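For the protein sequence lines, the chains are A and B, in the order given. So the first sequence is residues 1 to 114, counted in our numbering. So the second sequence is residues 1 to 115, counted in our numbering.
Please keep in mind that the hints were generated in silico from the structure rather than gathered at the bench. All values reported here derive from a predicted model rather than from experimental measurement. Treat each hint with caution, since some may be false.
Interface residues of chain B toward chain A, partial, derived using beta-carbon atoms under 10 angstroms [unchecked claim]:
1) Met11
2) Val19
3) Tyr37
4) Arg43
5) Met89
Taking lysine-lysine pairs in the DSS-like style, the calculated list, with each CA pair at most 27 angstroms apart, reads [unchecked claim]:
6) A:Lys62 - A:Lys78
7) B:Lys70 - B:Lys55
8) A:Lys62 - B:Lys96
9) B:Lys78 - A:Lys44
10) B:Lys78 - A:Lys15
11) A:Lys44 - B:Lys73
12) B:Lys55 - B:Lys78
13) A:Lys71 - A:Lys15
14) B:Lys70 - A:Lys44
From chain A, some residues computed to sit far from chain B (all C-beta separations above 10 angstroms) [said to hold, decoys possible]:
15) Pro8
16) His29
17) Gly72
A virtual CB, placed ideally from N, CA and C, is assigned to each residue, including glycine.
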Amino acid sequence: EAGVAQSPRYKIIEKRQSVAFWCNPISGHATLYWYQQILGQGPKLLIQFQNNGVVDDSQLPKDRFSAERLKGVDSTLKIQPAKLEDSAVYLCASSPVNLGYEQYFGPGTRLTVT
Amino acid sequence: AQTVTQSQPEMSVQEAETVTLSCTYDTSENNYYLFWYKQPPSRQMILVIRQEAYKQQNATENRFSVNFQKAAKSFSLKISDSQLGDTAMYFCAFMKPQGAQKLVFGQGTRLTINP
Numbered sequence: 001e002a003g004v005a006q007s008p009r010y011k012i013i014e015k016r017q018s019v020a021f022w023c024n025p026i027s028g029h030a031t032l033y034w035y036q037q038i039l040g041q042g043p044k045l046l047i048q049f050q051n052n053g054v055v056d057d058s059q060l061p062k063d064r065f066s067a068e069r070l071k072g073v074d075s076t077l078k079i080q081p082a083k084l085e086d087s088a089v090y091l092c093a094s095s096p097v098n099l100g101y102e103q104y105f106g107p108g109t110r111l112t113v114t
Numbered sequence: 001a002q003t004v005t006q007s008q009p010e011m012s013v014q015e016a017e018t019v020t021l022s023c024t025y026d027t028s029e030n031n032y033y034l035f036w037y038k039q040p041p042s043r044q045m046i047l048v049i050r051q052e053a054y055k056q057q058n059a060t061e062n063r064f065s066v067n068f069q070k071a072a073k074s075f076s077l078k079i080s081d082s083q084l085g086d087t088a089m090y091f092c093a094f095m096k097p098q099g100a101q102k103l104v105f106g107q108g109t110r111l112t113i114n115p
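Whole structure, please, built from the sequences with the hints as guidance.
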């Protein structure tokens, strides 16, 4: 069974530029999560989708971050404009519906904002 | 809101030794899940072990076991016969089973196994 796929693995941008990350969850997993992991900290949930609806986006900085999950499969997380403090690893995870204790993580995207 | 605290930023042991990582959490919930995740340099979060709060028996997975003390809100991970491949960041995490099933993570413990 293929795992959670993410791209790119690394991205370096200048502040005020925009960037987008892509995630493809495990086939059949209805729930998709985006976590932000700042260096030296544990991951923090940014947004959670169930199918193509948002379940929780309470910690998403909506003035600069946006996310979508069209057709309830792939998801894209965008930052525009980026700030220095957005430098982090962005982790995508997926789980079967209502089985959040079965979350599987992707390899993450390391973003560096200079 | 739930919080998870890992008080050991770094630990180091010799190969084949036993090591225990500490975790405490704060919640008013009675039913929840607790997890230990491993994050090697590749950055992929790997589930090590999971404990359901309503189960009194401590979870075990081969060389990994937990000591779950619900009243004390403590959830430690014991790694027996440690191996070089156990070197990684270890994160303790909490999850409520109702509503948005999001993981709340601690700050992590960097574990190094020395040959």
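Query raised in the report: Since A:His29 was said not to touch the interface, does its Cβ keep a gap of more than 10 angstroms from each Cβ of chain B?
Result: holds (13 angstroms)
Requested in this report: May I ask you to test the interface hint for B:Met89 with respect to chain A, counting a Cβ-Cβ separation under 10 angstroms as satisfied?
Outcome: With a closest approach of 9 angstroms, the B:Met89 hint holds.
Requested in this report: Please settle this one: A:Gly72 was flagged as non-interface, so is its CB more than 10 angstroms from every CB on chain B?
Outcome: With a cut-off of 10 angstroms, A:Gly72 remains clear of chain B, as the shortest Cβ separation is near 17 angstroms.
Query - Claimed clearance of chain B by A:Pro8, with the beta carbon kept past 10 angstroms - result: holds (13 angstroms)
Query - Straight-line alpha-carbon gap A:Lys62 to B:Lys96, limit 27 angstroms - result: Holds: A:Lys62 and B:Lys96 sit about 25 angstroms apart, inside 27 angstroms.
Query raised in the report: Can the restraint linking B:Lys70 and B:Lys55 be considered satisfied, given a maximum Cα separation of 27 angstroms?
Result: holds (10 angstroms)
Query raised in the report: Does the nearest C-beta of chain A fall within a distance shorter than 10 angstroms of the C-beta of B:Val19?
Result: violated (19 angstroms)
Query raised in the report: Is the interface hint for B:Met11 satisfied, with its Cβ closer than 10 angstroms to some Cβ of chain A?
Result: Violated - the Cβ of B:Met11 stays beyond 10 angstroms from chain A, reaching only about 16 angstroms at its closest.
**Report entry** Pair hint A:Lys71 and A:Lys15, alpha-carbon separation not exceeding 27 angstroms
**Finding:** Judged against 27 angstroms, a Cα distance of about 31 angstroms means the pair is violated.
Query raised in the report: Within 27 angstroms, alpha carbon to alpha carbon, are B:Lys78 and A:Lys44?
Result: Given pair B:Lys78, A:Lys44 holds - Cα atoms ~25 angstroms apart, limit 27 angstroms.
Report task. Using Cβ atoms only, decide whether B:Tyr37 comes closer than 10 angstroms to chain A, and label the hint accordingly. Result -> For B:Tyr37, the interface hint holds, since the closest Cβ of chain A sits about 8 angstroms away, which is under 10 angstroms.
Query raised in the report: Holds or violated: B:Lys55 with B:Lys78, Cα cutoff 27 angstroms?
Result: Roughly 18 angstroms between the alpha carbons, so the hint for B:Lys55 and B:Lys78 holds.
Hint compliance for this structure: hints 1, 2, 10, 13 are broken, all remaining hints hold.
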